[in-house]
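Participant: Sequence lines, in order, name chains A and B. All residue numbers for the first sequence refer to our numbering, where the first residue is 1 and numbers rise by one. All residue numbers for the second sequence refer to our numbering, where the first residue is 1 and numbers rise by one.
Among these hints, one or two may not hold up.
[Stated by the list, open to error] Computed from the model, here is a short list of chain B residues facing chain A with C-beta under 7 Å:
#, residue
1, Ala30
2, Glu32
3, Phe39
4, Met210
5, Ile211
6, Gln284
7, Leu294
8, Trp303
9, Ala311
10, Asp314
11, Ile316
[Unchecked claim] Below, simulated SDA-like cross-link-like pairs (lysine to any residue); rule was C-alpha separation at most 20 Å, straight line:
#, chain 1, residue 1, chain 2, residue 2
12, B, Lys75, B, Asn13
13, B, Lys282, A, Asp314
14, A, Lys298, B, Ala329
15, A, Lys282, B, Asn68
16, B, Lys298, A, Lys282
17, B, Lys293, A, Lys282
18, B, Lys282, A, Lys298
19, B, Lys257, B, Asn68
In short, the hints are calculated from the structure, not lab data. We put the CB at the ideal spot given by N, CA and C, even for glycine.
Read off the chains here:
Protein chains: 2
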Amino acid sequence: MPAEQISELRKGNRLALSRILSQIEAASPAGERALEELFPYTGQAHKIGITGPPGSGKSTLVNALARNLRDLPEKPKVAIIAVDPTSPFSGGAILGDRVRMLDLQGDKGIFIRSMASRGTLGGLAAQTEMLSQAFDAAGYQYIIIETVGAGQSEVDIVNLAHTTIVVDVPGMGDDIQSIKAGILEIADVLVVNKADHLGADQSVKHLQTMIAMGYRALRYAAGKHMLHETITQKHEEETPTQAWIPPVLKTIASDRKGIQELVDVILKHGAYLKETGLWAEKAQSAITETLRKLIISKLYTQWRQSVPEDALQDIIQQVSQRKCHPHQAIEQLLAYNKTTSN
Amino acid sequence: MPAEQISELRKGNRLALSRILSQIEAASPAGERALEELFPYTGQAHKIGITGPPGSGKSTLVNALARNLRDLPEKPKVAIIAVDPTSPFSGGAILGDRVRMLDLQGDKGIFIRSMASRGTLGGLAAQTEMLSQAFDAAGYQYIIIETVGAGQSEVDIVNLAHTTIVVDVPGMGDDIQSIKAGILEIADVLVVNKADHLGADQSVKHLQTMIAMGYRALRYAAGKHMLHETITQKHEEETPTQAWIPPVLKTIASDRKGIQELVDVILKHGAYLKETGLWAEKAQSAITETLRKLIISKLYTQWRQSVPEDALQDIIQQVSQRKCHPHQAIEQLLAYNKTTSN
């Protein structure tokens, strides 16, 4: 009885929510139906993406952030989605989750979900967006999306958020520079965690300099570039009347120091997005990007089903033996798609 | 005159090689033709993938490795492809490259190429494979593929290599554990770099324990899982008669210590792959995976061209305003594909 489950989820039943999340993750027909039913109730939550290099203490920071968000006057519900794009196993994620659950257990206003599966429909970023929709419809006002690592997959995932926080620690190694250049342009807020370690002020100053140097300007360039790859190219020329300059904060998450300041900045960024119309724009980008990923996934599945296994193996063998060029192989393989569509 | 360029490339002309690499990166018709012409000459090079967290000193290690490979009795030519999937700009990559070029300049047997572009046909992994083919046909016996960071995109890229080296450093932070779990299963060789730092022996022991604990066994499980996502599912049941247990080496790349041992292990791994038939299998997987990515890219482009811009914008608006479910939108959008193919 999905209708009953939906109504239970809307009423705040954690078990119903948990079951629907599993169905969405499994991409079951029931999960698809649930998403359709829930979709009209989405669009309320503030999605917060957190990324940064390993060792920066992201999990501890997320825990502290969740607690402080819960302490806001309206006592909002908070969801945490922990995503590990590197691992097809949940081993690592589960380890972190146990610590996390011990820390946050007993608070029924916090819901933690981790994802570590590969090969899901449309990829992890699309999957994360779909889980967010369920939390959103269930009345979770803040959805924290935390990733392990800071590669391209992580950027794809946190790009779906309204506010992206990039976490750093003092004194990283010699090739960290190039990471920062790549990751900085997605940051709305920068956090130097473990700020009691040597070199914290230097790290803050360094990040501020990089922002001043125009990495923010580059971000807009990157944004335009990325839009070309997405379905829509709308809003391309628009720039906000007042620019948001990413602030650099210091935290010691293990002591819950600097967390309230982080909450304040997140709320301020949310208000900024709504004032400038960027909130709706970001929401639309997330939908567009998710649609794009699901379409690619379906196109591939359709094509794959149209190619006989024998023919496919035969072509791969021919390429492997250098009897056929890859581009010829692709032409032959794509021809199947057309004949089936007729 | 592409025929002349091809023959110049085959003769070892660096300028001809450089031009062809640029054409391949630009996905120009000339680049496609060049790949077709070169393809019969490929399949000789030993591709070595190197990944690991930022700060592990990968670039210095790659430089040292390239020098020692050059010192082998047959004086092989060595190519270095540095890939940064995080950054759409070449800023970070160029910085590292300058240091690198200063270090390796004057040796005409080493060719360095960096890639940091996004939105390339089939993605960075496919692009890297195509550049490798050009180096391979140009007689480069060792192709080192180095990535910045250690996320999913990096795993996709180094998976195309014959030998994958995962670099670590002593004393990483508190959530490094989960990274290791994810990244370990792709390693053929593990390197603890900066081995003069505190905790190096502990790191080695820790990695050895993890390998012994069966992460290697998990790798085979993961391999099977991944094969399901690729076009081919062949060879699934085959396991090598003798298993390769990833050795853990210590290096101090800045002092060129431990590099010769690393070269020896790489040669040993190459011999192991050839003896067990895994060399051909890995080559076939790389081809299969590249075909898959190029096909997905072409399917998407074909579909995108079949949808009128107005209709697309209209559907996105309807979803954004919650007037239409994402799944309905996808059905409508995919319908265009069918009508055009007829």
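Participant: Do the numbers back the hint for tryptophan 303(B), that is, is its least Cβ distance to chain A under 7 Å?
Facilitator: holds (6 Å)
Participant: Taken at face value, is the distance from the CA of alanine 329(B) to the CA of lysine 298(A) at most 20 Å?
Facilitator: Roughly 13 Å separates the two Cα atoms, so the pair holds.
Participant: Can the restraint linking lysine 293(B) and lysine 282(A) be considered satisfied, given a maximum Cα separation of 20 Å?
Facilitator: The hint is violated at about 28 Å.
Participant: Taking the least C-beta to C-beta distance, is glutamine 284(B) closer than 7 Å to chain A?
Facilitator: holds (5 Å)
Participant: Can you verify the interface hint for phenylalanine 39(B): is its Cβ closer than 7 Å to any Cβ in chain A?
Facilitator: holds (5 Å)
Participant: For the restraint on alanine 30(B), tell me whether the closest CB of chain A is nearer than 7 Å.
Facilitator: violated (13 Å)
Participant: Is it true that the CA of lysine 282(B) sits at most 20 Å from the CA of lysine 298(A)?
Facilitator: Distance of about 27 Å is beyond 20 Å: violated.
Participant: Within 20 Å, alpha carbon to alpha carbon, are lysine 75(B) and asparagine 13(B)?
Facilitator: Roughly 17 Å between the alpha carbons, so the hint for lysine 75(B) and asparagine 13(B) holds.
Participant: Does the CB of isoleucine 316(B) sit less than 7 Å away from some CB of chain A?
Facilitator: At about 6 Å, which falls below the 7 Å cut-off, the nearest Cβ of chain A leaves the hint on isoleucine 316(B) intact, so it holds.
Participant: With a cut-off of 20 Å on the C-alpha distance, tell me whether lysine 257(B) and asparagine 68(B) pass.
Facilitator: holds (11 Å)
Participant: Measuring from the C-beta of aspartate 314(B) to each C-beta in chain A, is the shortest one below 7 Å?
Facilitator: violated (11 Å)
Participant: Are the Cα positions of lysine 298(B) and lysine 282(A) separated by 20 Å at most?
Facilitator: violated (28 Å)
Checked against the numbered hints given earlier, this structure breaks hints 1, 4, 5, 9, 10, 15, 16, 17, 18; the rest are met.
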